[in-house]
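Chemist: The lines below spell out each chain.
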Amino acid sequence: MLFNETDEEIILLYKNGNQEAFKMLINRYISPIYNFTSHLTNKNDAKDITQEIFIKVWKNIRRFDSEKASFKTWIFTIAKNTVTDFSRKRKNILFSEIEKGFEENIDSFSENIKDENLLPDEALQKLQNSEVLNQALEKLRLEYKEVLMLHYQEELTFEEIGKILNKSSNTVKSHHRRALLELKKILS
Amino acid sequence: MNKELTKAFHQSKHEPSPHFTEDIWFEIIKRERNKVKYKLWGFASVGLTSLIGLIPAIKILSNDLAQSGFYDYSSLIFSDGISMLSYWKEYILSLAESLPIVSITLTLSLFFVLLLSLKFVIKQIINNDSLITQEKLA
Numbered sequence: 023m024l025f026n027e028t029d030e031e032i033i034l035l036y037k038n039g040n041q042e043a044f045k046m047l048i049n050r051y052i053s054p055i056y057n058f059t060s061h062l063t064n065k066n067d068a069k070d071i072t073q074e075i076f077i078k079v080w081k082n083i084r085r086f087d088s089e090k091a092s093f094k095t096w097i098f099t100i101a102k103n104t105v106t107d108f109s110r111k112r113k114n115i116l117f118s119e120i121e122k123g124f125e126e127n128i129d130s131f132s133e134n135i136k137d138e139n140l141l142p143d144e145a146l147q148k149l150q151n152s153e154v155l156n157q158a159l160e161k162l163r164l165e166y167k168e169v170l171m172l173h174y175q176e177e178l179t180f181e182e183i184g185k186i187l188n189k190s191s192n193t194v195k196s197h198h199r200r201a202l203l204e205l206k207k208i209l210s
Numbered sequence: 041m042n043k044e045l046t047k048a049f050h051q052s053k054h055e056p057s058p059h060f061t062e063d064i065w066f067e068i069i070k071r072e073r074n075k076v077k078y079k080l081w082g083f084a085s086v087g088l089t090s091l092i093g094l095i096p097a098i099k100i101l102s103n104d105l106a107q108s109g110f111y112d113y114s115s116l117i118f119s120d121g122i123s124m125l126s127y128w129k130e131y132i133l134s135l136a137e138s139l140p141i142v143s144i145t146l147t148l149s150l151f152f153v154l155l156l157s158l159k160f161v162i163k164q165i166i167n168n169d170s171l172i173t174q175e176k177l178a
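Protein chains in written order, with the numbering used here: chain H, 23 to 210; chain A, 41 to 178.
Worth flagging that the hints you see were computed from the coordinates, not collected in a lab.
A portion of the hints provided could be inaccurate.
Claimed, not checked - Distance ranges between label pairs, derived from CB positions:
#1 H:S53 <-> A:I166: 31 to 37 Å
#2 H:N156 <-> A:D63: 23 to 29 Å
#3 H:N192 <-> A:T89: 57 to 63 Å
#4 H:T28 <-> A:L156: 35 to 41 Å
To be verified - Quick partial rundown of chain H residues pointing at chain A, CB under 10 Å, derived from the structure:
#5 G39
#6 N49
#7 P54
#8 I55
#9 T59
#10 H61
#11 T72
#12 W80
#13 S152
#14 V154
Model, not experiment: these values are computed from the prediction.
In this text, a Cβ means the ideal position worked out from N, Cα and C, and glycines have one as well.
Could you build the full structure based on these sequences and the hints that come with them?
Modeler: Written as structure tokens, this is what we have:
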């Protein structure tokens, strides 16, 4: 079994004809991808979407270029696009309206607060309860949720998140700040 | 704050069912096998078509070789080998001029396609076998 190999080494093995190597990749990413999709959609649809994501990865893996991005960034980009396509099909979200609303809600005051002080201790305590956190996440906007999930659950940097979401790292940072402020508002 | 939030987010992770990896893997193998099957039938059809096409192509080539006098020229080497060796340049030129280029190209192309199809058919059969083995192992 392949435990110590990097993602790129496993992909190379797969490209060289070791079909089993792809199963290792599924094993490695099934939990984070399922978690990401289930938080952005719902648990019922997450299974189908996760399957769709891995099939897309399997179909396109030969085109993956490790010099452009890491495999983790690449798979999360596919995941994000698949979730977006799914949501569009379901017409759950009007993306243009979200973008418009987001731009209108710029709060210059919030930009001056330090990241560390965005959530008070009381709010942080509440968030330690996973049920409270999940309920709060459900109320957040999709792009805020994406940033929080990728930053705190997948521990990706703002730059990596920017690559996945096709946004600049400054925009991602800004989304992160607003996400925390909205979280604070929801919790209070 | 960062550490506490990371901890909180890790605690709220949704986990998939234990057999989910196997389900996805089976789905991929199923699709891969379908792909292999389509390729196998595709290459087999091309191979069969080129094999059928080879029969009239060889007949045409044989007729063209007879009509162009290629057989007569080539038989000279057996009947009058010594003279042919002294005029070998002229002999080779006459032989080359008598070659029916179009029918030779057609026959060789069909033969090349047949060999290529055979190669890919064998490759698909091997792929299919390895997928069956993987399915059984899983």
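Chemist: Against each hint, give a clear statement of whether it holds in the structure.
Modeler: Status of each hint after checking the structure:
no.: 1; hint: H:S53 <-> A:I166: 31 to 37 Å; verdict: holds, 34 Å
no.: 2; hint: H:N156 <-> A:D63: 23 to 29 Å; verdict: holds, 24 Å
no.: 3; hint: H:N192 <-> A:T89: 57 to 63 Å; verdict: holds, 60 Å
no.: 4; hint: H:T28 <-> A:L156: 35 to 41 Å; verdict: holds, 37 Å
no.: 5; hint: G39; verdict: holds, 9 Å
no.: 6; hint: N49; verdict: holds, 5 Å
no.: 7; hint: P54; verdict: holds, 8 Å
no.: 8; hint: I55; verdict: holds, 9 Å
no.: 9; hint: T59; verdict: holds, 9 Å
no.: 10; hint: H61; verdict: holds, 7 Å
no.: 11; hint: T72; verdict: holds, 7 Å
no.: 12; hint: W80; verdict: holds, 5 Å
no.: 13; hint: S152; verdict: holds, 4 Å
no.: 14; hint: V154; verdict: holds, 9 Å
Hint compliance for this structure: every hint is met.
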